[in-house]
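*Asks:* In case you want the letters, here they are:
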Amino acid sequence: MPGQTFAQKALAKAAGRNSCAVGEILDVEPDVVLSHDNTAAIRRIWEEFGQDRVKHPDRMAITLDHAVPAPTAVHAQNHREIREFVGEQGINHFFEAGRGICHQVLSEEVVVKPGQVILGADSHTPHFGWLGAFGAGIGRSEVAALWAQGQLWLKVPATMRIHLNGTMPDGVTAKDFALRIIGDMGADGGLYRSIEFAGDTIHAMTLESRMVLPNMMAEFGAKNAVICPDEPVLTWCLERLAMHRGIESGSSAWADLSDSLQDGCLYPDADCELESEHHYTAEDLEPYIARPHSVDDVVPLSELGNVKVDSAFIGTCTNGRLEDMSAAASVLSDRRVAPGLSLVIIPASSQVLQACIELGYAETFTRAGAMLGVPGCGPCMGNHFGIPAPSETVISSANRNFRGRMGTPSADIFLSSPAVVAASAVAGRIVDPRELG
Amino acid sequence: MTTSGMVRQFTGRVWKYGDNVNTDVIFPGKYTYTLKTPEDIAAHALEDLDPEFAANVQTGDIVVAGSNWGCGSSREQAVSCLVLAGVRAVVARSFSRIWYRNALNNGLLALECPAFVDLASAGDTATISLTEALVTAGDGRTAAFKPLSDDVLRILDAGGLIPYIKQQMAD
Ligand code: SF4
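For the protein sequence lines, the chains are A and B, in the order given.
Numbering of the first sequence is given in my numbering, commencing with residue 1 and proceeding in unit increments.
Numbering of the second sequence is given in my numbering, commencing with residue 1 and proceeding in unit increments.
It should be emphasised that the hints constitute simulated quantities derived from the structure, not laboratory data.
C-beta: ideal position from N, C-alpha, C; glycine also.
Incorrect hints may appear among the rest.
Stretch-level coverage of chain A by chain B, calculated; a stretch enters the list once three of its residues show a Cβ under 8 angstroms from a Cβ in chain B [unchecked claim]:
#, segment
1, 69 to 76
2, 274 to 282
3, 396 to 403
This is chain B alone, in the form it adopts within the complex:
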């Protein structure tokens, strides 16, 4: 395991959203071929879902959502806008499969943990421990998730698919 890998435990502020949040409200399609700089992309994160988000998100924040988060388009900006805005993890009841792959491939932690979604509230804190496979709410209540597989951890530790393949190509 690399030492530069993903931090195994961290705490962040919670932003909470509902079910079926789609990629058009995470990052509108009309910007996909025009916005290119990291600042511009981050500035439009969740634009049509929560106009408060982009202006107030802080580095290390955690997004908590219902089922089928990220449904819709395959656009990768629906992940990178969150990464660039400083989001460290998304915890959801379930993820759309392309969004989930895009998250992993961009080094963003995406955790399926329905039990935590039930007890999380916006503005609270959440502590995620990958070693214990546990999310802890601000009041100490905990929710367990299925530990990440080695395949997934290897890609996250590398910082995403591209750096992972570059490492492999160099080896």
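Just chain A, with the same shape it has in the complex:
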């Protein structure tokens, strides 16, 4: 039997098979099915099946995150319907408004484990590749079908491997690497593909930085993206699961949990079939910017030229974690947001927010004149909390700069790492934090 890629192994396992071929269509039973504020709409589709109970309530995970707190009565009603549904169906993995963005919360709670398959009614579900899971986005009808039947057809994708070796220069982040990849190969460069990340630099990254990569591969057209789980990933999962389950470090239950996490890990075979391989050297990377209105219109920040900014946003499932807050805080410490500019900062989860308070970042932000928001998606998709005025220019740490993404079709959205957003908010134009002096 020829070697198998990560995607082949993960999908074969979820389909109850030992192996599978690229291009084959499998009926897959995912371990976790994710939905968020779209749950009420999915419920209306599911009701067409005439079932009283969903098939596997224990496999469902639901967050309220896309429009929290509800900006209008219509949104509030939507949330209410979701809470009712959660109660009726006895869904345990339910995370209330304010807990945070689905991908961050499910990562913190380790609802998905290495080697598992998660399908979500959210396009950034590839996110879970950071811990070695197969994550893919699907549509609402498909989630309804999964609630009813527990399985769904998936085509086994071909694999593209991206290597990164060397030492990242100061001021260069995982976000810059993701933008560079998308800029080089286009927004459809990874279409239908499974992306495997490899190389020393990837494994030297913090876990928070790693999360950026599979998450951003949604903007590359990828079906899923993965980083092989290593010691830090297993420790993250073990410690958090043990805490939730009240398992003491060093106990036999701890050892069992550790073994079961390790057993679940899937690694590509050395002789697996790769469609293409791409090699990057960390020393060659620099801070990048995606220009409006396409994530693949990428230029080095040093070549951008003078771009005045009206508003700035730090947050989202891509860059709303503690290290992003920390990067923003070090730029904003003893500085002020430029007059007339609005800076919105939204931690990706309540845990990130709590840490921002404990570490004094919250105070740094408010002293600098920034607005600190409730954990959730914020203005990322144009729902509320910082919608640009017509023709304004925004710099954002999000993942998408499509026309109208933040609710205003005539606004220009530039994407960068959080430190560049913070520095730009201070300067009133897009700048490298190293230029602030």
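Based on the hints, put chain B with the ligand in the right spot on chain A.
*Replies:* Coordinates of chain B with the ligand only, in the frame set by chain A:
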């Protein structure tokens, strides 16, 4: 094969767009939790891409586009707004994978046919034949596409994933 299935040959007017048309311009995110009626959803189809579209689209029209059509969000309204507006098929160089699945699952024909994208022009007609796996432009030039698999045809014939599963559950 059911007789109520997808029509095997039809002709429609062409609307033509470029590469990387994303779901935010097909159906803006700000409406995803607020607009619910079919009329409202159809009225905002392609709002930020082509303001002329929603007012002028006719039942049976065909959208022709470049590569990576439907990239971005998983929102299914980016398919249903077109279905509700009367669009019968989308022919593109390539599709974003979630949009493609959503199309199939909502009974909307999505065809990868780069050769037809090259010869199509807006306002012209296109005739799609599923049996011959051929798209014909108004001037008679043709472009071939890879025939649809039986799996795909079964879902399209049922009218989408939900009716397909309902049939299966009833059997
Ligand atoms: S933060 Fe933005 S990209 Fe991430 S899940 Fe929320 S809306 Fe989607």
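*Asks:* Confirm or reject each hint.
*Replies:* Hints and how they fare:
{"no.": "1", "hint": "69 to 76", "verdict": "holds (count 3)"}
{"no.": "2", "hint": "274 to 282", "verdict": "violated (count 0)"}
{"no.": "3", "hint": "396 to 403", "verdict": "holds (count 3)"}
Against the hints set out earlier in the document, a violation occurs for number 2 only.
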